[in-house]
Amino acid sequence: MLAYLKSKQRELKKQNDNDTRSLESMIKYLKKDMLEQFKLHHYDIYIKNEINNTETFIQSVQSIIDSNSQ
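Read in this note's numbering, the sequence shown has 34 at position 34, and its numbers run on one by one without any break.
Incorrect hints may have been included.
[Unchecked claim] For lysine-lysine, the following DSBU-like pairs were computed, each having C-alpha atoms within a straight-line distance of at most 30 Å: (1) K39 / K13; (2) K32 / K48; (3) K6 / K28; (4) K28 / K39; (5) K13 / K32; (6) K6 / K39; (7) K8 / K48; (8) K8 / K28; (9) K28 / K14.
It is worth saying that the hints were derived from the structure and are not from the lab.
Kindly generate the complete structure, drawing on both the sequences and the hints.
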């Protein structure tokens, strides 16, 4: 799911001034779904504050994955 979120974020960056509302909505939904489905707040209490910034959110999720996969 994180890889999919990353790909959508890259796609959003590529679409300069085009209509990006649908992509932004999808990204917003993915982040909220990931928060709830994987209970990310158990791993990082500040992650809800980072949901508005997709790049920071992705980095935080990646850090959670990295620290729990060792």
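Evaluation of the provided hints:
Only pairs whose Cα atoms come within 30 Å are accepted, and K39 paired with K13 is accepted, the gap being roughly 28 Å. A threshold of 30 Å between alpha carbons decides the hint, and for K32 with K48 the separation of about 9 Å falls inside it, so the pair holds. About 12 Å separates the Cα atoms of K6 and K28, which keeps this hinted pair within 30 Å; it holds. The suggested pairing of K28 with K39 holds, with an alpha-carbon distance near 16 Å, which does not exceed 30 Å.
For the given pair, K13 sits about 20 Å from K32 by alpha-carbon distance, which is consistent with the 30 Å threshold. In summary, the hint linking K6 to K39 is supported, as the alpha carbons are separated by about 19 Å, within the 30 Å threshold. With a CA separation close to 20 Å, the supplied pair K8 and K48 stays within the 30 Å bound. With a CA separation close to 11 Å, the supplied pair K8 and K28 stays within the 30 Å bound.
Pair hint K28 plus K14 holds up; C-alpha atoms about 17 Å apart against a cutoff of 30 Å.
Hint compliance for this structure: no hint is broken.
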